[in-house]
Amino acid sequence: MAAAERFVDLAGLLESCEVDGFRADFVSWGYYRPEYWRNYWHTHSFHEVCLAYEGEGRFNSGPTQYDVGPGTVFIARPGDVHEIESSQTSPLGIAFWGFTFREVSNLAPANGWWSGLTRADGPVVSTQLGGLPGTISALAAEAAAPRSGYQTSLNSFGAALVLDTARAFALDDDLSVEPVVRNRGPFVVEAMRRHLSDNLSRQITVREVAAAVHLSERHAERLFSSVTGASLMSTLRRLRLELAAQLLLDPSLTITAIAHACGYSDVRPFSTAFRRRYGRTPGEYRRTGGTSFMPLDLNG
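For the sequence shown, full-length UniProt numbering begins at 1 and goes up steadily by one.
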């Protein structure tokens with residue numbers, strides 16, 4: 001993982017982040033090249049996490065020894081006495097990061113993804129990497145060449161790093177959630193409505209709208225009607241005429257130009273459709289500024 005060498009560039013750029021009511025303050029960023037090394041028995045007041053990307057080694061946590069290699073992530077929680085030693089024949093390369101972790105909202109349930117960091121009896125070695133490699137690469141790339149918006153980007157990736165780190169060491173029961181009910185219907189219907197609105201000046205068919213949301217024509221039409229109570233084409237006509245009513249208030253636009261902007265190739269069908277909806281021709285609508293006048297009842 002070439003990005004590991006750029007991890008040190010995060011020092012001074014990413015100092016803290018918050019995620020789901022927890023705050024992480026980063027205290028170390030670094031890496032070890034794949035050459036023989038050993039950091040002797042020690043402990044920390046923070047979480048130290050290592051991701052092996054090359055070679056082999058051992059991670060001693062208390063009385064237990066673990067073999068580690070590429071794709072292994074291992075953690076020393078606050079107070080854990082531990083040491084890491086690289087193999088001499090196949091040197092170990094790691095990226096590492098350290099952070100404090102505390103709840104700031106006092107609203108979190110007892111168990112969740114954070115249990116991978118907060119429970120003292122949790123696993124210390126894992127191969128459940130999730131998005132960790134990608135997040136590490138993204139952090140390193142952003143730190144190597146900061147650009148406009150880098151702080152927002154780093155904060156987001158920092159939160160993802162903490163979340164994925166905790167998930168790697170959380171138990172399955174801590175990660176389980178109630179089944180997520182997904183209703184794509186309203187979202188898809190909104191996408192179809194937006195496609196209509198974005199293409200009012202073009203000749204549009206149900207087939208084209210259905211293709212835009214990857215549905216069959218029949219399915220698209222049925223879904224749209226069930227949610228909105230109107231067909232795709234009737235909605236298209238309504239949107240076109242509503243746009244025409246707005247454009248007619250601009251005296252610099254000719255009625256012919258407005259007809260074309262609203263998807264009508266000729267003024268005559270446009271005028272007919274407009275009068276059917278608004279009770280007046282486009283010219284009459286323009287002359288009254290779009291105002292409707294009610295007849296005056298002189299008899300009270």
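Note that these hints are calculated values from the structure, not bench results. On a predicted model such as this, the values are computed, not experimentally measured, just so you know. A couple of the hints might just be wrong.
What the hints assert, rightly or not - Simulated restraints on C-beta separations:
| no. | residue 1 | residue 2 | range |
| --- | --- | --- | --- |
| 1 | S197 | T254 | 18 to 26 Å |
| 2 | N183 | R238 | 56 to 64 Å |
| 3 | T100 | Y150 | 19 to 27 Å |
| 4 | D20 | A261 | 15 to 23 Å |
| 5 | S197 | P146 | 20 to 28 Å |
| 6 | S216 | R238 | 38 to 46 Å |
| 7 | P179 | S216 | 33 to 41 Å |
| 8 | A141 | R218 | 44 to 52 Å |
| 9 | P146 | E18 | 30 to 38 Å |
| 10 | D173 | R238 | 45 to 53 Å |
| 11 | R277 | P179 | 15 to 23 Å |
| 12 | P179 | S201 | 39 to 47 Å |
| 13 | P179 | Y150 | 35 to 43 Å |
Virtual Cβ for every residue (Gly too), placed ideally from N, Cα, C.
Exercise. For the pair P146 and E18, does the Cβ-Cβ distance stay inside 30 to 38 Å?
Worked result: Between P146 and E18, where Cβ atoms are some 21 Å apart, the hint is violated.
Exercise. S197 and P146, beta-carbon distance inside 20 to 28 Å?
Worked result: Between S197 and P146, where Cβ atoms are some 39 Å apart, the hint is violated.
Problem set entry | Distance restraint hint 15 to 23 Å, applied to the beta-carbon atoms of D20 and A261 | Since the Cβ atoms of D20 and A261 sit about 48 Å apart, the hinted range of 15 to 23 Å is violated.
Exercise. Is it true that S216 and R238 lie within 38 to 46 Å of each other by Cβ?
Worked result: violated (24 Å)
Exercise. Taking the CB of A141 and the CB of R218, does the distance hold inside 44 to 52 Å?
Worked result: Given a distance of about 46 Å, which is inside 44 to 52 Å, the answer is holds.
Exercise. Do the Cβ positions of P179 and S201 conform to the proposed distance bound of 39 to 47 Å?
Worked result: Cβ of P179 to Cβ of S201: about 44 Å, so the range 39 to 47 Å holds.
Exercise. For the pair S197 and T254, does the Cβ-Cβ distance stay inside 18 to 26 Å?
Worked result: holds (23 Å)
For this session: Check the following: the C-beta atoms of N183 and R238 are separated by a distance inside 56 to 64 Å.
Result: violated (25 Å)
Problem set entry | Pairwise beta carbon distance, R277 to P179, judged against the given window 15 to 23 Å | Violated: the Cβ-Cβ distance is about 45 Å, outside 15 to 23 Å.
Exercise. Taking the CB of T100 and the CB of Y150, does the distance hold inside 19 to 27 Å?
Worked result: Check passed, 23 Å falls within 19 to 27 Å.
For this session: Please test the hint of 45 to 53 Å on the beta carbon pair from D173 and R238.
Result: At 52 Å between Cβs, range holds.
Exercise. Quick one: are P179 and Y150 within 35 to 43 Å, going by C-beta?
Worked result: holds (38 Å)
Hint compliance for this structure: hints 2, 4, 5, 6, 7, 9 and 11 are not met, and every other hint is.
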